[in-house]
Amino acid sequence: MKHRDILDRIDNYKTTIHAILGFTNFYRFDDAAKTFRSDVQVFQGRQFEPSAGRKLKPSGQQVAYVCPDFAILVSKKEAVVGEVKKSFPKDQQHWEDDFGQVKSYDDDLTGWPTENEKVATHDLVMLVDQLRGVPVQEYYEVHKGELAYERTFILVEFNRADERQSYYHFRKCQGTGSLSDPRIDNRLKYGVKVPMEALVRSYSEIKLYDNEPPLPYMVFLIWEHVLLQRASGTADFAKLRKNQKIEIDIKVAEIVDELNRGFSFRILHGENCDRQPQIPKPEWVSRACEKLVAIKEAEWTDPTKVTIRCRFRRYDDVLAHFVEACSRGETPGQMSLGFPSDDQ
Amino acid sequence: MAKIDFVKAFYRGRYDRHGLIQGLESLLTGHGIAVSAIPFSSTAPLEEVLATLPTGRSVTLERSGDGWQQYRLAYQRTVAKRPIRKEGRFFVYAHRQYANVYIAMTIEPTEFVSHGLVPVLKGKYPQIIRPFVAHERMKRMLVEFKEANQFADLIITRASQRLRFKEEGKHKRVMPVVSWPDMSLEEAFAWVHENDGWFQSIHFQAKDTMGCVRAKVSITRSGAIRADRLFGLAFAGFLQPVCKNHYENVILFSGRSRRDHLRLLSRPLAIEFNTAQFAEVTENAKFIQAMKKMRTASVSVLHGNPYINMSVLDYYDGSTFDVWVLSEDHLVIVPQMKATVAAIKRLINHIFDTYAEGEIRDYAEGTA
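Those sequence lines, one after another, are chains X and Y. With the first letter of the first sequence counted as 1, position 132 gets the number 132 in my numbering; the numbers rise by one all the way through. Plus 344 on top of the position in the second sequence (first one is 1) and you've got my numbering.
The hints are simulated quantities; they were obtained by calculation from the structure and are not laboratory data. Any given hint could turn out to be false.
Unchecked claim - Each computed PhoX-like pair below joins lysine-lysine, with the alpha-carbon atoms no more than 25 Å apart:
id, chain 1, residue 1, chain 2, residue 2
1, Y, 636, X, 14
2, Y, 637, X, 239
3, Y, 483, Y, 588
4, Y, 468, X, 245
5, X, 2, Y, 483
6, Y, 636, X, 239
7, Y, 490, X, 245
8, Y, 636, X, 242
9, Y, 466, X, 239
10, Y, 490, Y, 560
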């Protein structure tokens, strides 16, 4: 895989996070008061239990949880559940899965931070890249009968654009439903520009969501935001030269915890972490650690692969180094990008 | 009748802060002796900071007064392949108004300053942080110095400038470095501005209305000065504003580490350029090229066009930053888990030196 393609994948990953933050911000941010509303809660990847009738797939497979890309709860009453689809597969045969995923949220879900863990109803939202907005909308038009969403379904397209400022543009696609909040629905009908700068803090704080990032990006985040912090706490760090290294022993669980606390949506979840998955997932971090071992930047200290010994070195461009190192020796398409199925 | 050694007497004198400045000025007769003054800041106790120096250098505290300390610095230089042991004295003046801001002052020759004192202070980075004086601010200080003291003119006799984007052949022989024969302030600053540069140092003569040279003074980008007379005026005109600005910057840059906050929230800074600096997409490449020159750092570009998002890692102390350019007239620096004052200052200093200067402000989300 070419470096450019890897960087594009990383960019797509970040764009999905930006889209989640941009859309949820319509609810979180009070335009009149210019502050974040205290009565709005936003969740990413929250685990909701399906209703009794939906706990078994037609295939017979058990469904313990559904985990939407975002869930919004306003004043403990109104709610929105949604999915972001940055890219759809070219083959429309697979689109059924994406709409089916939204269908799984069209249910009396349990797991809201309310008294009985339920809400009366909620809107269903699918955010799609504007490039696919029209065909996705056409697909929905054709298949809405068989999809038979019981709750209001709203298709919103988004794209990034650049004029004097860079911004994300969100607009509701015609022919789908109306959001329960008429104020937001009306804004989205005509399209809303969200300047990226308005959310630059959140973009910098939240670098991971509940889909596995491209492997070189995962390695980069571990190196810059976990291993660096450990290395800089050692006496040798200040005098570390380029041909030298600092050995750092660290548990996979510690890496998971530090990235979870500092760079996931946990920052927005506040006290409501009980139904939140731990992001990054330990297996993502383990895979990244395996890669560090494979490229000789680290070694496991025990056969159970609980602790890794990393050799921290100075690189002039950490991301470029790991994009290069991770793709070295891999044939095109061979490198694991650890990407979610919808980002193919 | 024995001659009075004024210098020896000066080193035995007792002073308060103000008296020390007066005492230094009293030694200046325009015949050889000049005062060099180097402002800096440190949050750690100075005696501790200066106690451990690389082999060949040592600093000994000789005595202390009200708000100042007198040190002896011994160092070694290699001249004609032979090591030569040298030493000299310097004072450290603790600024009364600005906490943790100091000025190292000496009447030793420039050789002591450039080979002894400055390397000691530089070598103590990041514990010791030196200020930076933006180009416009330097010009403003010089103009105000001239007007406040009613000098007829400040004539630049020597200067060292840096031009940010040297294209092959473009700037060659236009204005040789360190060669500014009798140029007025306005002309010199206009030339450097037109060539997208800044002064590393300026040496000038302050002339009165009779055309007499009242003092020869120099000032550097890091706020250090040297004056052969009128040290009190130079202290008030240059060192005071440099110390004030440095103190304000240290306050502005403090407490920016995300790990210092209970909820790990970030506290970004913005650099305002007051012009449509990034109006052309080609500026992105120039900015990235400039950032890639940062030494002892990793600069990773996550997005380069049309908006910029890069991650900067400082290998001096492990500070990390996200840098964003999302608008044509400013950029945003988002400090990550660790972001020290020294690293923030170094990052901004690098942007000012290699790309463009702007106004630094606290960035509040939603104000864009």
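Against the structure, the hints come out as follows:
1. For a cut-off of 25 Å, the pair hint linking residue 636 of chain Y to residue 14 of chain X stands: about 23 Å separates their Cα positions.
2. Of the pairs offered as hints, the one joining residue 637 of chain Y and residue 239 of chain X holds, with about 20 Å between alpha carbons and a cut-off of 25 Å not exceeded.
3. Proximity of residue 483 of chain Y to residue 588 of chain Y is assessed by CA-CA distance (about 17 Å); at most 25 Å being required, the pair is judged to hold.
4. With a C-alpha separation of about 23 Å, the suggested pairing of residue 468 of chain Y with residue 245 of chain X holds against the 25 Å cut-off.
5. Only pairs whose Cα atoms come within 25 Å are accepted, and residue 2 of chain X paired with residue 483 of chain Y is rejected, the gap being roughly 49 Å.
6. Straight-line distance between C-alpha atoms of residue 636 of chain Y and residue 239 of chain X comes to about 21 Å, which keeps the hinted pair within the 25 Å bound.
7. At most 25 Å may separate the alpha-carbon atoms for a hinted pair to count; residue 490 of chain Y and residue 245 of chain X exceed this at roughly 53 Å.
8. With a CA separation close to 16 Å, the supplied pair residue 636 of chain Y and residue 242 of chain X stays within the 25 Å bound.
9. Taken as a hint, the residue 466 of chain Y and residue 239 of chain X pair is honoured in the structure, with Cα atoms around 15 Å apart against an allowance of 25 Å.
10. Taking the CA atoms of residue 490 of chain Y and residue 560 of chain Y, the gap is about 13 Å. The hint holds against a cut of 25 Å.
In terms of the numbered hints stated before, the structure departs from hints 5, 7, listed from lowest to highest.
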